[in-house]
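A.B. asks: Going down the list, the sequences are from chains P and U. Here the first sequence is numbered in the working numbering, starting from 594 and rising by one per residue. Here the second sequence is numbered in the working numbering, starting from 594 and rising by one per residue.
In case anyone wonders, no lab produced these hints; they're calculated from the structure. Take the hints with a grain of salt, since some may be wrong.
Note: identical chains are not told apart, hence a pair may lie in one copy or across any two.
As the list claims (entries may be wrong) - Within a straight-line C-alpha distance of at most 30 Å, the following computed DSSO-like cross-link-like pairs (lysine-lysine) qualify:
(1) K857 x K809
(2) K890 x K857
(3) K674 x K640
(4) K890 x K674
Protein chains: 2
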Amino acid sequence: MPRPYIPSEELARRVEEDETFAVARLISRAEAGMPEARSALGTIYRKAGRAHVIGITGVPGSGKSTLVGVFVQKLRALGGKVAIVAIDPSSPYSGGSILGDRIRMADLALDPGVFIRSMATRGALGGMAHAALDVVDILDVAGYDWIIIETVGVGQDEVEIAHATHTTVVVSAPGLGDEVQAIKAGILEIADIHVVSKCDRADANRTLADLKTMLKDTQPREDGWRPPVVGLSSLNGEGFEALLDAIGRHRAALAASGGERRRKAIAAFRLSKTAETLTLERLKSLLRSRLDDAAEKLSARRSDPYSEADHLVRAFTGEKDHV
Amino acid sequence: MPRPYIPSEELARRVEEDETFAVARLISRAEAGMPEARSALGTIYRKAGRAHVIGITGVPGSGKSTLVGVFVQKLRALGGKVAIVAIDPSSPYSGGSILGDRIRMADLALDPGVFIRSMATRGALGGMAHAALDVVDILDVAGYDWIIIETVGVGQDEVEIAHATHTTVVVSAPGLGDEVQAIKAGILEIADIHVVSKCDRADANRTLADLKTMLKDTQPREDGWRPPVVGLSSLNGEGFEALLDAIGRHRAALAASGGERRRKAIAAFRLSKTAETLTLERLKSLLRSRLDDAAEKLSARRSDPYSEADHLVRAFTGEKDHV
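Same shape as in the complex, but just chain P:
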């Protein structure tokens, strides 16, 4: 028997009661970019804004998934509901092969106050950022107090998403090797809080010292916030109190300055990404009808991408063509 189709507006109403089925289904529609769901997601957006959203990002191998697993248990001990949105193909939630993590995550998955969702990163055609933030709103309206977005910290989209949160945590780790560290350097600047994981290792002290040296000469933010460096060991459970404390202080600092600047920056990012997605979606359908002919001319070098793209874009925006 086929399941009846439930309109997204109805799912949105049921999300407010944190009905797990409605949350999961509306998330799937947001992820798929279903046009039918947009007005409901608009409704959800207007009701959201209560949760504290934490972006946690770090390169593969930085131990960030294990860290998130332990961190969520600490947050739960404080009493609030916690949701995790994992945007990371290597994440254990999406089938990574780190056995220890899987077991830990299985424990979390049994806790009714924890919601875990992994999102695909490919094929989303630039729509991943606004889909991820739609998912955050759904979880916010469903009553989750803490929402963690975990991203892999490589790739512009992933880094931007981690930054479109209230508190951005960047995870570094000892022993990753120079090539990986060089990539990481590009994401240090977005951190509100720096974490060095695996501090049970002997070489972690050097990573902590290196990071502090790198940060020494950076200016404090306009609002006076100076990103602290926190050492953690997921193995021993050490350092998590300090991380919670740093997040609490950052949240208070945001609130003290009205949080207006950050909220407006996030809203502007959000709107840009949504407008880009809607625009590219429409462009794609125009391209579908014209791409074949144009590609033929291009592959024979009888035209060039700029001339053909210019025709297309003029047709798209309703401008008159030169020709």
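Given the coordinates of chain P, assemble chain U onto it according to the supplied hints.
C.D. replies: This is chain U only, laid out in the frame that chain P set:
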């Protein structure tokens, strides 16, 4: 004394004589997405199509930069001119700290038959793919016989660029750990040739065996090509003949089938990316004038991203607004 501005059309003419200055300057303009350069890049495109373009991609730590260094020396021994376009923030050309590689690259840099260029991956606003392929055309018209695009193999753009070449080489390596391997799995399917680097290591045999097992059940391509697996050691210089041989066979297979399908697919990809870039560029200038007001309404939750984006996109495409 300020340098006189040389029109891009003139640079394009001088590129045909492989004048290094003109090549470097036109590349910079392509990379910056300068509107003035577009017609010249169109001219370049129509003259290009002679070089064999090889995409080499692999995750950080796969040893792909070292491999490229040795591989280019082998190609040079065959007599042709070689260009490298590195799209990888961790690449030694762009300041990575792998000393051995740097020395090797310094040797290459002294060879007048080798051109090395690294491209930034951030801030390009989706324009990286078409900029990179513009750079390839410039080098093609400048007479480079082999053009290598090296990308980091993480992130959709990077993977797509590596695939928009004649021959795509995916580099795996032993000992990278599960998290990194899981990411890599996503890029295996684009490979025309698989390489396992660091085969001087004892654990390389397992990586080779694992990869062959993974590939055993995949179907041959429509054109009958079955991606071979080549083991390499950059340390000992072993396996590079086999890689050259595999590339030669793939090139011949492409030519035998007319290469038409691949050329059209690349042209279609190229046009899509260029049209997207030109469209988003125009959208950005519309957004600039309207973003502030809209972000204000959004951050107060008085509106939502979909409603605001819909207004914007309607204004952009000249459609009538509902309101």
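A.B. asks: Decide, hint by hint, whether the structure agrees.
C.D. replies: These are the hints, each one checked on the structure:
1. Taking identical chains as interchangeable, the C-alpha atoms of K857 and K809 lie at most 30 Å apart only when both belong to the same chain, with a minimum of 29 Å there against 52 Å between chains.
2. Within a single copy, K890 and K857 get their C-alpha atoms only as close as 45 Å, which misses the 30 Å cut-off; across copies the closest is 9 Å, which meets it.
3. Proximity of K674 and K640 under a CA criterion of 30 Å is satisfied intra-copy only: 18 Å inside one chain copy versus 61 Å between copies.
4. Only between protomers do K890 and K674 lie at most 30 Å apart by alpha-carbon distance; the minimum there is 28 Å, versus 57 Å within a single protomer.
Hint compliance for this structure: every hint is met.
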